[in-house]
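Below, each chain spelled out in residue letters.
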Amino acid sequence: MGGNWCAHPCLMPLSWDNFRVVEFPAPLKETGSVSESLNFEHQLRLLPHQRGDIPHTESWYGIQEFVVITPGTNSEAVISESKCNLLLSSVSISLANSGCQIPMFVQIQQKWRRIYAGECHGPGVRTSFEMVQLRKVPSQYNHLSGLLDIFKSKIGCNLLPLPPVDIAIRFTYILQDWQQPIWPQQPPGLELHLAATWLHLTEGIVVDNDVYSDLDPLQAPHWSVRVRTSENPQCLLGDFVTEFFKLCCRKESVEDILGRGYAEEEGKEAADISSALSKLTEPVAAVPLPKLSVSSMVHSARKHIHRHRHIDESPLHIDILKSILLYLFPDAAVEKSSDSQSKMPTNSSKTSEEKLCDNLVLQLKSAPTDSLTYRLALGLCMVNYSYGGLPAVAHLWQEFVLELRYRWENNYLIYGLAGGPPDLRCCLLHQKLQMLNCCIERRRRRDEAPSGMGGSRQREHKASCGQGPSSAAATSSNQAKSWDSWSDSEDEFFECLSDQEDTESLRSERGPDSGKGKAEGRLHPYNDLTLLNSMEPLYVPVTQEPAPMTEDQLEEQSEVLAKLGTSAEGSHLRARMQSACLVSDMESFKAANPGCVLEDFVRWYSPRDYEEKYEVDEKGNKVLTGELSARMKIPGNMWAEAWEISRVTPARRQRRLFDDTKEAEKILHYLTMQKPGDLARHLLPCLLHAALLKLQQEESVEKIPSVEKNIQQAITQANLLLHSGSYDYKKLEDFINQLVVMETVITRARSLKDKFAVDKGEPGEATEELKKFVSSLLEEPEVVVTGAGQGLTGRIIHRLFLNAQRAALLVPGDDDLEPERKKAGESGKTSDFPSPAGREIILRTYVPRPAPYSKALPQRLFCVLMKEEFRLAGAFSSDTSFF
Amino acid sequence: MDDGVLTTLKLLIIGESGVGKSSLLLRFTDDTFDPEQSATIGVDFKVKTLSIEGNRAKLAIWDTAGQERFRTLTPSYYRGAQGVILVYDVTRRDSFMKLENWLNELETYSTRNDVVKMLVGNKIDQDDREVDRNEGLKFARKHSMLFIEASAKTKDGVQCAFEELVEKILQTPGLWESEHQGQAFQLKDQDPGRGRACGGYCSIP
Ligand SMILES: Nc1nc2c(ncn2[C@@H]2O[C@H](COP(=O)(O)OP(=O)(O)O)[C@@H](O)[C@H]2O)c(=O)[nH]1
Ligand SMILES: [Mg+2]
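From first to last, the protein sequence lines stand for chains Y and A. In terms of UniProt numbering, the first sequence is residues 1 to 883. In terms of UniProt numbering, the second sequence is residues 1 to 205.
In isolation and in its complexed conformation, chain Y is listed as follows:
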C-alpha cells in the first residue's frame, strides 16, 4: 500500500477564499471505477502513516485516487454549515459539469479533525462521502451491533429482507515495556502491535454488543504483528557517542570552565608533588621524593599547578574521580616502584580478533584498545554523559595531566602505552603520550648510570668541558655549530653507560694500543674486522638514538626540509641540517676506535661505499684491497667534511640529540592547553572505534546480516571521515546516526529473540519456525502469524500479553492466578489481552438506492474506535439513472 504519492498543488479561484487543490493520483496503477475501488479489501490499517498533509482518505474511504480541496495554509477552516454545504454543492456541480470521475473531497471543520467530505460521479452512479469524528466513542456505538444500526439507518434501507452485511474487523493490541537493553538503564523503546483480524464475517454469526462479545482475539483467524520503535528510542551507546560528539564544537578552555582559581598557584605546597591520584591511593609519605634535581623549568611549571582542591567545588565527585583515574592508571593500585616496568605486556601471538582490532586502529587512526588513550576516550565519554558534562570533562582532563606530570617528575613510565617511538598510525594525542613516555624512558636510562660514573649531569658537564680529547676539538666548535642546527639542546649531555662498556674501556686501557688514547663508548666488536691502520678490532660504538617524533613535528620538519627547495644548494643545506646524527655517530666511532680513519667508519656505516677486491701482489699472492667508493672520494663531499669536523667524543659526553626534558615540558604544556573541545576531536576516532567494536561484538552474537554489512560500510566511511584533515561535522553526525540505527536494530533483535525464546528452544521445526518469524519481524514491516492465536508463535505472543497483563494488574509473581482465573470461566479470557488500542470495522453491502427498484450499489462504512477518537467514514452510492 502506499506507493509513490505525488501531489500537484494549484490554486483554485473560489470567490470567498483561497483553497489549495491537491490531486492524489493512484499510487500504483490506474484503479477502475469508483465502485471497484470501493471493493473493500483494501487492507485495514490502523493509524496509517501520514505523509505530509496527505489525508487518510485512502484508508478511510478505501479509495486510492482522488482530489482534495483544503483551505490554504493561511486561510480559515470551513466551519459554518452553510459554507460547507456551499462548498460541497459547488463540488457536485463541477463534477457533474466536467464529467470527471475522480472522487473529489473538501476538508471541512477544524483542520485538526481531518474531516473530509466529498462526492464522486460515475456513469449512472453518484457516491457521497461523509465523515463523523468525535473525541470519544459514544457508548451506544461501542460495539458491532451499534455500528450496524448506524450503517443500516444511513443507507436508509427499510427493505425486507435485508441483504447480508459483510463485516471485516481488526483489533489492535499493543504490548509495551518488553525491551531488553544492550546496556543497562535503558528505558523501553519497543512496542509490539498485534492485529487480530476477522474478514468476511456475516451479520448474525458474530455477536458483539454491550453485554457480550464473540470477538475473542485468541479465536481470530488472522494474526499479524508489527514492531514499532517508540518515538524516542533510547540507545545508550548512541547517546554516549552523540553527547561526546557535541563536545567537539565546544570552545571553552579548562580555565573558562573550572574558573581561574583551579589553575592557580598555591606556593606553600611546592614541596608536595604528589599527584591527585597518589593522594587518593597511597599515603603521601609513601611517595618517594624525587631523586633528581629537576630543571628550573619543571620547577616553575609546577608552581602553577594547583594541588589542593576544595572537594565540594569539584565538578566530579571524589569517589567517581578516584575510580576513573584508577581505570585510566591501573598500575597506581599496585605499589609504585621505579623498577617495576609499567610498559604494556609485550604482544605475543595475536588472535584473529585482535588483528581485526589492529586493523580498526589503522582504518580509524585511533589507538590500540588496551592503550591509555583509548581508555581516556571512554573515561571522558563516560563522565561527559553520566557525571556532569563539560565541567566534569575539564576536571578529569586536568587531573589526568597532573598525573602525567607527576609521572614525568618522578620517572614513572606511563602505563598502557607501547614502547618505542610514537606510532604515527595512531591519533596525535596517542603519539604525544607515547612521546612523553619516550622522554621518561630516556631520562630513566640516564639516571640508571652507576653513580660513580657520573650519575650527576652536572659533573659530566664539567668533565666534558675541561679535559680529554674534546678540549682539542673545542677550537673547531664554532665550525661545528652550523652542523648542529637540527639538534636543539644546548647544555644537556647524553649519558649512557653500561657494564659492558666499563669492562671494554678498562681492557682497552690495558691493551697494547692504549698509548694512542683511551677508547671510550664501545658497544661490541664489528664482524671480526680490524682497523685499517692497526690490528685493533673495529668496534661498534655506543651511539645516541635519534630523536623520536610525533606526526606534527615530523610535518613541521619535512615542511622545513621541503622549503629548502630542489636546487643543489637546497639539497646540500638539507643534508647539513640532517647531519647531526651522522656527526654524532662519527664522534662516537672515533672515541670507540682510536686511530681510525674514514674508511673504517664507512666499512661499518655504509659498507657498500667501501669497495673491496682481490689483487695479486708482486709475490703472486692474492690480497684483499679496498678503497672508498667514487662518491665518497669526491673531495669536499659532505661525508668527508663531517669526518673532518667531528671530534673524538663518546656519545655520553656529546650534546644530546634529543632533549627529553625540553620535549617533555613541551608536551605537558601542549596537553595543559587542550580545551575539552580539542580533546573530543582528538579522541573521537577512539570513541568511534569503541562504538564500532561494540556493535560488531553485539552483532556477532545476534547475527544480523544487514547490520554486519552496515558495520563494514561504516568502517570504510569512518576511514574517509577521520583521515581527512578536518572533520566534516555534518557527515560525522550522519555517521553517528547510522550507528544509532544499527544499535536499534541489534537491540530490537535481542529483545525479539529473547521474548520469543528463540535460543532456548530445542532444535526442531518449531524453533525453525520461530527463528523465521523473528527474522522477518526484523526485516519486514508486518508479519503474519501462522496459525494465529493457536499456532506456536501465537501462543508465545499470547503469553507475552498475559504476563504483561498480570504484571500490570496484579501483584507480580502471583502464580496462583491461573487456576483461579480458569475457574472464573469464559469471561476471564478477555483479560489475557488489554483492551484493544484500536478497533477498525468495515461494513459493506450492496443495496439498491435511492429507490427499491434502483440498481444495487456498494455501500460502505468504515469505523475507527480508539481511546481518543471515534470516526465514521461512509461511502454511500445511489443510482442516478433509474431512480
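For the record, the hints were derived by calculation from the structure and aren't laboratory data. Check each hint, because a few of them may be wrong.
[What the hints assert, rightly or not] Restricting the straight-line Cα-Cα distance to at most 30 angstroms, the calculated cross-link-like pairs of lysine-lysine (DSSO-like) are:
| id | chain 1 | residue 1 | chain 2 | residue 2 |
| --- | --- | --- | --- | --- |
| 1 | A | 98 | Y | 633 |
| 2 | A | 142 | A | 98 |
| 3 | A | 98 | A | 168 |
| 4 | Y | 709 | Y | 771 |
| 5 | Y | 772 | Y | 703 |
| 6 | Y | 731 | A | 168 |
| 7 | Y | 111 | Y | 154 |
| 8 | A | 155 | Y | 633 |
| 9 | A | 168 | A | 10 |
| 10 | Y | 154 | Y | 867 |
| 11 | A | 153 | Y | 633 |
| 12 | Y | 662 | Y | 563 |
| 13 | Y | 709 | Y | 772 |
| 14 | A | 142 | Y | 619 |
| 15 | Y | 563 | A | 168 |
| 16 | A | 168 | Y | 709 |
| 17 | A | 142 | Y | 563 |
| 18 | Y | 675 | Y | 709 |
| 19 | Y | 633 | Y | 662 |
| 20 | Y | 666 | Y | 563 |
| 21 | Y | 613 | A | 155 |
| 22 | Y | 694 | Y | 675 |
| 23 | Y | 703 | Y | 731 |
| 24 | Y | 675 | Y | 662 |
| 25 | Y | 662 | Y | 251 |
| 26 | A | 155 | Y | 731 |
| 27 | A | 58 | Y | 563 |
| 28 | A | 10 | Y | 730 |
| 29 | A | 98 | A | 153 |
| 30 | A | 138 | Y | 563 |
| 31 | A | 10 | Y | 563 |
| 32 | Y | 613 | A | 98 |
| 33 | Y | 613 | A | 153 |
Assemble chain A with the ligands onto chain Y, guided by the hints.
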C-alpha cells in the same frame, strides 16, 4: 601554469644504499646523470609535475639514504606516502636479497595499506649482472608490485617507472581522494586493459 595541477602525490624511494636511488630521481627530475653525486644524508626531496592523459599531478618525491643507521629516521617519511619505489641493483645480489626487509619496514611504518609499490631493478647498463630479470619479475608478482628494469645512467625505463606508478595511484581512488576531497579529478578512461604508454616492462596490477 599552476592551475592545471590537480593533485599532489607523495612518493618515496627506498632501497639499500648505493643502488642508485638518488641517481634515478635526478634522471627523472632533471634528466641528467651525475657520477659525482654524494651519498644521501637523511632524506632528500624533489618535486616534479607530471602529465598523464591530460591530468597533471604534482609529485613530491622523498629520497632516502638507505644505510642502516639512517633507517631509524626515515620511517617517519613513510607516513602518508601514496606510492613507493623500491630499488635494487641488478649487479648486486645482496641488494636484491634485502628487498624483503624493506617490504617489512614498509608494512610496519606505512600509514595506509593501499600504497602502490613499484620495484625497480637499476643499473642494467652494466654487464656484471647478478640478478636475472625474471627473478625481479617473480618477486614483484609475489608481492603485488609493479616492476621495471632501468638504468639511471642511460635513462632506460626511468620515466616509465614514475609514470606507471602515478597512473596506478590515480586509478586507486581511495588513495588520493580522501586527502584531496572536493577536487574533481576524473580519469577519462578507466579501462584497465587499454594500451600502455610505454613498452619494455611489465606491470602486475
Ligand atoms: N652504471 C650505473 N651506475 C649507476 C646507476 N645509477 C647509479 N649509479 C652509480 O651508483 C652509485 C650510487 O648511486 P646513488 O644514486 O648515489 O645511489 P643511492 O645511494 O641509492 O642514492 C653512484 O656512484 C652512481 O653513479 C646506473 O644506472 N648505472
Ligand atoms: Mg642517495
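Pair hint outcome, residue 675 of chain Y versus residue 662 of chain Y [Cα-Cα no greater than 30 angstroms]:
Measuring from Cα to Cα gives roughly 22 angstroms; hence the hint holds.
Sort out whether residue 633 of chain Y lies within 30 angstroms of residue 153 of chain A, counting only the CA atoms.
Between residue 153 of chain A and residue 633 of chain Y the Cα gap is close to 20 angstroms, so the pair holds against 30 angstroms.
Decide if the proposed pair is consistent with the structure: residue 709 of chain Y and residue 772 of chain Y, CA atoms, cutoff 30 angstroms inclusive.
holds (20 angstroms)
Holds or violated: residue 633 of chain Y with residue 662 of chain Y, Cα cutoff 30 angstroms?
violated (39 angstroms)
Below or equal to 30 angstroms on CA atoms is what counts here, so check residue 142 of chain A against residue 619 of chain Y.
Answer violated: residue 142 of chain A to residue 619 of chain Y is near 50 angstroms, above 30 angstroms.
Measure nothing beyond the straight line between the CA atoms of residue 155 of chain A and residue 731 of chain Y; if it is 30 angstroms or shorter, mark the hint as holding.
Given that 30 angstroms is the threshold and the Cα spacing comes to 48 angstroms, the pair is violated.
Straight-line alpha-carbon gap residue 111 of chain Y to residue 154 of chain Y, limit 30 angstroms
Holds, at about 25 angstroms.
Tell me if the straight-line CA distance from residue 98 of chain A to residue 633 of chain Y falls inside 30 angstroms.
holds (26 angstroms)
For the pair supplied as a hint, residue 709 of chain Y and residue 771 of chain Y, is the alpha-carbon distance within the 30 angstroms limit?
holds (20 angstroms)
Under the criterion that the straight-line Cα-Cα distance not exceed 30 angstroms, is the pair residue 168 of chain A, residue 709 of chain Y satisfied?
holds (28 angstroms)
Pair hint residue 98 of chain A and residue 153 of chain A, alpha-carbon separation not exceeding 30 angstroms:
Holds: residue 98 of chain A and residue 153 of chain A sit about 23 angstroms apart, inside 30 angstroms.
Please work out if residue 666 of chain Y and residue 563 of chain Y have their alpha carbons no farther apart than 30 angstroms.
holds (24 angstroms)
The structure does not agree with the numbered hints 14, 17, 18, 19, 26 and 30 stated previously, though it agrees with the rest.
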